[in-house]
Amino acid sequence: MRRRLLLVLLLATMVPLAMQAQVTYDRLLNAAKEPQNWLTYSGGYSSHRHSLLTQIDQNNVKRLQIAWVLQGDSSLQNFEATPIVADGVMYFTQPINDVVAADAKTGRVYWLYRHNLPPDIKPCCGSVNRGVAVLGDRVFYGTLDGQLIALDAKTGRELWINTVTPNYADGYSLTMAPLIIKDKVVVGVAGGEYGIRGWVAAFEPATGKEVWRFNTIPGPGDPNHDSWPNKSWENGGGPVWLTGSYDPELNLTYWGVGNPGPDWNPKQREGDNLYSSSVIALDADTGKLKWHYQFTPNDGYDYDSVQVPVLVDMNWRGSPRKLMLWANRNGNFYVLDRTDGRFLLGKPYVKVNWMSGFTPNGRPMQTPQPTGMPTFPGNQGGTNWYSPSFSPRTGLMYIPIWDNYGSIYAPQDATHKPGQVFGGGFPRPVVPVQGAPATPTLRRGAINNWTEAVSNGAVIAIDPTTGDRKWTYYMTDVTDSGVLSTASDLIFTGGREGYFQALNARTGELLWKMNLGGQMAAGPMSYQVDGRQYVAIASGRSVFSFALPE
Amino acid sequence: MQARRFITGCLLATAAVVCVVAVAPAAAQQPQAAQHAGEYSQADIQAGSVVYSLQCSQCHGPTGDQVGGIDLRSGRFRNNVSNDDDLRRIITNGIPNTSMPGRKLAPAELTAVIAYIRNMRDFNTTVVKLGDTARGRTLFEGNGCAGCHRIGTTGSRIASDLSEIGGSRSPAAIQQALLDPSSMMMPINRPVRIVTKEGRTVNGRRLNEDTFTLQLLTDQEQLMTVQKSDLKEFTILKTASMPSYKDKLGPQQLSDVVAYLASLRAGGRGGAGGRQGGPPPGR
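The listed protein sequences correspond, in order, to chains A and B. The numbering of the first sequence is this note's numbering, which starts it at 104 and goes up by one. The numbering of the second sequence is this note's numbering, which starts it at 191 and goes up by one.
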């Protein structure tokens with residue numbers, strides 16, 4: 104009897120332990136088998152940002168309500184992180200560089216880790232961070248002063264700090280959520296506007312020791328070094344500031360590489376400028392380059408290829424194939440064979456006039472516009488780092504876009520000085536009133552002073568087999584929000600206007616919306632605790648989590 | 191140097207009460223610049239434009255108005271910036287918990303970029319004639335402009351408020367707006383016409399818009415928000431109701447009105463009397 108009681112007590116004490124198991128690599132590999140969790144930035148190694156949870160569906164989504172709100176407490180910067188949820192605990196970064204662990208059911212905080220930044224950091228485009236990675240009982244993230252940090256997932260205690268890029272004052276910073284691959288923490292460096300030399304690198308989770316590093320700008324003696332004239336490679340940019348993807352069967356990890364430097368004066372670096380504005384496929388164990396595909400050779404438009412690589416296995420022209428889907432900032436939708444990088448399809452998804460088509464091997468035929476004339480898409484691109492989604496149920500890819508948006512480029516010679524913007528002539532948007540101060544280069548703030556005259560935001564659904572748009576959900580203002588699809592054929596997305604919206608994934612019809620009051624510049628995600636499905640997104644300075652009424 | 195030349199040019203031209211302006215046309219009338227008139231050399235302003243381009247334009251934009259709530263050209267800051275020392279401190283130290291980092295600039299660079307920020311509104315602007323502000327005010331009032339536009343506490347609000355227009359638009363832009371109003375009408379300010387499902391028609395000026403709602407100031411000067419789903423008709427007009435003054439004003443009269451409008455700045459010190467009330471300079 105006593106033995107049975109002990110067993111019951113033992114089992115009772117084991118329940119919470121079992122609920123909060125270590126996040127092993129095997130669990131990351133099989134993330135689809137535990138849809139109650141959201142274990143990586145894009146929800147899985149294929150980066151579909153697709154949830155298999157179905158409690159919230161097209162019929163009941165109208166009853167969705169706020170389950171909890173957690174207000175950030177330290178900064179007015181954009182909140183760009185996608186939360187990670189592991190066994191009922193949510194981990195995310197709050198601006199500027201703090202990590203928060205909270206109860207995913209209530210939003211109550213377990214611990215908070217604060218990282219103080221030096222005054223001379225050089226974040227290019229806002230002091231942002233896009234989240235953390237988890238492995239074992241550790242949480243990993245990068246900072247604007249170039250530190251990769253490991254924390255105890257239960258206490259937030261700092262386990263190690265590795266200065267992975269010491270020259271933060273020269274413009275090197277870490278903004279992405281790292282990606283765990285096997286026994287490595289993989290992260291890239293931001294700073295393309297400062298003439299850095301970009302890289303992706305892998306580090307040991309236990310110690311922070313570097314295992315491999317791939318420089319996105321090949322040095323002397325490396326293949327494709329000759330795509331840079333003279334010494335332009337030294338300040339060639341090519342940052343990597345968004346989380347990549349991984350194919351365990353091929354053991355390849357895929358990363359989008361950002362713009363070359365100087366951003367807007369391509370004549371200063373004549374050549375293809377590899378591997379800027381490209382996707383690179385690296386051996387996950389060694390960091391060796393397996394293949395690359397360059398979306399925008401000799402990019403003069405700031406068309407960072409910093410989008411999430413979406414990995415899909417599907418029939419292509421009658422045969423099963425390992426594909427990569429990519430809606431690029433340069434306005435084209437691409438399908439590549441991810442085993443070797445072969446170009447299969449390229450098609451504009453927004454207005455494009457910087458190129459007129461592709462050669463058979465997928466090289467764009469560039470058509471630079473005359474001086475003073477607009478180039479489409481504009482500097483911020485047809486899309487950007489905003490997370491897309493792919494639904495295996497509908498077979499459609501969902502992309503946040505800026506429609507009919509152009510810029511006028513004015514290249515200038517630029518001289519590189521460490522820590523200074525290496526731009527080469529700032530572009531301006533195509534607006535009806537030139538020089539009017541109320542039509543700024545970037546649209547920020549509560550009043551939509553761009554209006555339809557400059558651009559509309561939208562979420563579009565693309566059929567990857569053709570590259571054709573299946574539907575468009577227009578927003579009046581432009582959007583920086585990511586997209587989540589679910590197995591209930593729902594799409595969740597935000598936008599600058601502060602509305603969090605649920606759409607029918609097959610038609611684009613609006614099913615539900617709520618005004619959260621703050622811009623959404625993050626990707627939504629979904630998780631489940633104690634049988635209740637939640638959908639969460641950061642808006643303004645806060646994280647919101649939604650669920651159906653209990 | 192050109193700023194000083196301008197002042198000299200004005201003195202010489204006093205009899206004609208016309209200044210030909212290339213740079214800093216009304217620096218002495220602008221509150222933020224009034225404290226600094228003549229302090230900045232053209233060489234500093236020129237050098238500062240390069241520093242600004244390298245260090246500041248990425249966030250603040252080429253026209254200084256890219257960060258919400260801040261318009262460097264108009265001297266509008268979120269933080270308390272009452273003099274150049276404040277600017278020097280903020281540029282050097284940054285602003286904690288914001289994306290404004292400190293910049294370790296050489297003393298000459300710092301001086302130059304401050305000179306540029308203090309003069310960027312008029313840097314490289316088109317040459318326009320500035321006439322007499324008092325006569326311009328009389329013309330403004332005599333031509334019924336206040337029937338649509340408000341200055342200070344006088345005039346209608348149905349068109350844009352011009353109380354601080356000289357702080358945000360260059361003289362060239364003001365002149366262009368007088369000659370071809372539609373070409374200079376901000377998209378957000380476009381006139382709208384809505385018809386509700388109940389059949390009520392409302393005309394007004396758009397203040398803001400999102401996917402689901404529209405904010406406007408009606409021609410009865412009522413602030414109004416409507417749900418787009420409640421509308422039967424929603425038209426955004428691309429032409430201004432304001433007539434062109436190309437044939438209504440002679441060259442001298444045009445330069446007078448431009449001078450008057452260009453003199454209207456925050457603080458109400460502009461022109462011959464300017465506006466009354468409003469926020470103090472350096473808010």
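Just so you know, these hints were derived from the structure itself, not from any lab. Only a predicted model underlies this, so the values are computations on that prediction, with no experimental measurement involved. Each residue gets a CB set at the ideal place from its N, CA and C atoms; glycine is no exception. Please note: incorrect hints may appear among the correct ones.
Among chain B residues calculated to face chain A with C-beta under 7 Å, some are [stated by the list, open to error]: (1) Leu-244; (2) Gly-251; (3) Thr-282; (4) Ala-296; (5) Ala-298; (6) Glu-299; (7) Thr-301; (8) Ala-324; (9) Pro-377; (10) Ile-378; (11) Thr-386; (12) Gly-389; (13) Thr-391; (14) Asn-398; (15) Glu-399; (16) Thr-403.
Tested hints:
no. : hint    : verdict
1   : Leu-244 : holds, 5 Å
2   : Gly-251 : holds, 4 Å
3   : Thr-282 : violated, 9 Å
4   : Ala-296 : violated, 11 Å
5   : Ala-298 : violated, 15 Å
6   : Glu-299 : violated, 10 Å
7   : Thr-301 : violated, 17 Å
8   : Ala-324 : violated, 27 Å
9   : Pro-377 : holds, 4 Å
10  : Ile-378 : holds, 5 Å
11  : Thr-386 : violated, 19 Å
12  : Gly-389 : violated, 25 Å
13  : Thr-391 : violated, 22 Å
14  : Asn-398 : holds, 5 Å
15  : Glu-399 : holds, 5 Å
16  : Thr-403 : violated, 9 Å
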